[in-house]
Amino acid sequence: HSALTQPASVSGSPGQSITISCAGSSSDIGGYNYVSWYQQYPGAAPRLIIYDFTNRPSGISDRFSGSKSGNTASLTISGLQAEDEADYHCCSYTSSSALVFGGGTRLTVL
Amino acid sequence: VQLVESGGGVVQPGRPLRLSCAASGFVFSSYGMHWVRQAPGKGLEWVAVIWYDGTSKYYADSVKGRFTISRDNSKDTLYLQMNSLRIEDTAVYYCGRVGIRNHWHLANWGRGTLVSVSS
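From first to last, the protein sequence lines are chains C and E. All residue numbers for the first sequence refer to my numbering, where the first residue is 1050 and numbers rise by one. All residue numbers for the second sequence refer to my numbering, where the first residue is 87 and numbers rise by one.
Keep in mind the hints are simulated off the structure, nothing from the lab. For every residue, glycine included, the Cβ atom is placed at its ideal position computed from N, Cα and C. Be a bit skeptical, because a hint or two may be false.
As the list claims (entries may be wrong) - Partial list, computed: chain E residues near chain C (C-beta under 8 Å):
#, residue
1, G129
2, E131
3, W132
4, Y180
Make a model of the complete structure from these sequences and hints.
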């Protein structure tokens, strides 16, 4: 199963909103409601920030939101803060009863 | 929730290695578990998942037939038996617990253990 497609990098200034896209197919993102997003700081383990497309785990800021349109999922971070600078990974369930990740996106806060 | 991986190290191509993931802080026998890996400087790659009772297991194509996921609910421990290791299996290996609603996201992650396959 092919990896999901994310931009390699995005950037934004403090206070702005940014959106990270995650493109897949009807065999993954478009066919199921199981997309998750993970935040990862350098040298650290990933942390779940969005699951089932739009849900936030307890303790995750409401500045993080998820959405879906067709075969593409998106993560939006509003009110950008310096602490948001990290790598972001999308992930989807697939028709093969497996998970597939995107290549990851490096977010830079200018 | 605490997950602690162990068993990583340097191994020659073709040799086996077994990783462990010790779980605490939750009822281990009630949750499915995943293994995910990350090659140096690369993105995340899903490896395998096992149901809470071990009855179902699924693997990435890249490891199918070489890796085996298993668990011992009496010891609150998850395993990954890796055989016929290849250089491209070099990565940090993370274990993760599934969420409450379904098996298809990793709600909690360990810190990872590094596996380096080199001659």
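List of violated hint numbers, smallest to largest: none
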